[in-house]
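**Q** Work out the full structure, taking the sequences as your base and the hints as a guide.
2 protein chains.
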Amino acid sequence: MTPQHYRKADRLLVAADCIIFGFDGRELKVLIVKRSFEPEAGRWSLVGGFVDARESVNDAAARILKRLTGLDNIYMEQLHCFGDVNRDPAARVISIAYFALINIADYSRQLNLEHEPHWCSLKNLPDLIFDHGQMVKLAVERLQQKIATHPVGFELLPRKFTLPQLQNLYEAIYQAKLDRRNFSRKILSLGILKKLDEKEKGSSKKGAFLYVFDRKRYEQLSHEGLKFV
Amino acid sequence: MTPQHYRKADRLLVAADCIIFGFDGRELKVLIVKRSFEPEAGRWSLVGGFVDARESVNDAAARILKRLTGLDNIYMEQLHCFGDVNRDPAARVISIAYFALINIADYSRQLNLEHEPHWCSLKNLPDLIFDHGQMVKLAVERLQQKIATHPVGFELLPRKFTLPQLQNLYEAIYQAKLDRRNFSRKILSLGILKKLDEKEKGSSKKGAFLYVFDRKRYEQLSHEGLKFV
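Residue numbers (my numbering), protein chains in the order written: chain A, 95 to 323; chain B, 95 to 323.
Wrong hints could be hidden among the right ones.
Where chains are identical, the list cannot tell them apart; a pair therefore holds if satisfied intra-copy or between any two copies.
[Said to hold, decoys possible] With a cut-off of at most 16 Å between alpha-carbon atoms, the simulated EDC-like pairs for lysine to aspartate or glutamate come out as follows:
{"#": "1", "residue 1": "K240", "residue 2": "E318"}
{"#": "2", "residue 1": "K217", "residue 2": "E121"}
{"#": "3", "residue 1": "K321", "residue 2": "D273"}
{"#": "4", "residue 1": "K295", "residue 2": "D104"}
{"#": "5", "residue 1": "K240", "residue 2": "E132"}
{"#": "6", "residue 1": "K102", "residue 2": "D146"}
{"#": "7", "residue 1": "K102", "residue 2": "E132"}
Please keep in mind that the hints were generated in silico from the structure rather than gathered at the bench.
**A** Below, the structure written as structure tokens:
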């Protein structure tokens, strides 16, 4: 029997919302869908839905992402609980937000079009329902913090890539231009890259050397993170 | 009127749990209390309680902390939503965990003894109820990640402090010994410390130079964080 102290407590609706970032080699995009029910039916929304009593919140996020977009087996990290009282005008709903960063091309065949999923450039994001705009903003900040201490790119770039390609990825996440020399110096000093004896010649006459990630060192830094002391 | 889609959704109990870390100049401690209701009445627990329908989750965490311990105006950060189905044997309860790091001495007069609050050394933490042990573990990891990119100590050390005192704080958070020379070199390179023309002579014959934080630089780094590119 439920203890008395529990019976007196309020019960709330709990939602899970997913911020799926995609990289297409040039830009950072966010996956949004057309909301299919009231309130705000027909407006752009993050991928979200209600958590059921018999599933964990993490499982709910994965289930909702799959049901609305077809995307499966994506490693999402928890971002934050959005718990303001009036964030949803229809009822008291708290939302647990999740985020992930994927390579758009790798998942294009999984995408299910029923809810009109749309990869929207971060720069041109339309107004989203409720506090979903704040969720995206916080997720971008978290992603920026994360790449400050953890290597990124393994699943987002081709196996062989140039330093300008890697810099594009960092610039897309930081939403800012980086100094080319500084970037090269710092990224090479981490020891996560192996230079190949091979050049990519598509983008300039001289060509740019190709690199691969040193998987062992990359995983070590992914696990430990960089520390300043 | 609540839309139909909402009426069909499950409603869950939502708790807020607080991991309050305290530093006493030597050790990292965690504030625990005696649980006063079933299940698990009388066992050690984090400071926690249920979120009401008419308050934000953040407000609930502050209210619960104040009610159970007397501690007020503490800046807590959200840690994680613990959302497994069976984490509480009495009912489906999801918990939003929060954490903070305070100077124990600064708050000793606020502490209200009704629920037997106890500053317990992280090394000797007793078994806590439910998944509270996991919450502490995750909070320690988050704190460690945070000090990898953000300066720490402003509110935890005396205004004038020695490098060994600052190193103690880092060692308490990392739960590991650090190399003295490496630590000094790296921490000084951040430019957050101003060396005074004054020595602390209590702990050694030669004495150790005293430092203060360069508040402007400290706040700049707190805000921006350290980046490796």
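**Q** Does each hint hold? Answer for all of them.
**A** Now the hints, each set against the structure:
Taking the shortest alpha-carbon separations for K240 and E318, both the intra-copy value of 12 Å and the inter-copy value of 13 Å come in at or below 16 Å. With identical chains, the CA atoms of K217 and E121 are at most 16 Å apart within one copy only, with a shortest distance of 9 Å there and 46 Å across copies. For the identical chains of this complex, K321 and D273 are inter-copy neighbours only, at 14 Å across copies versus 23 Å inside a copy, given an alpha-carbon limit of 16 Å. Neither within a single protomer nor between protomers do K295 and D104 lie at most 16 Å apart by alpha-carbon distance, with minima of 63 Å and 57 Å respectively.
For a Cα distance limit of 16 Å, the shortest separation of K240 from E132 qualifies neither inside one copy, at 35 Å, nor across copies, at 40 Å. With identical chains, the CA atoms of K102 and D146 are at most 16 Å apart between copies only, with a shortest distance of 10 Å across copies and 21 Å within one. Taking the shortest alpha-carbon separations for K102 and E132, only the inter-copy value of 13 Å comes in at or below 16 Å, while the best intra-copy value is 30 Å.
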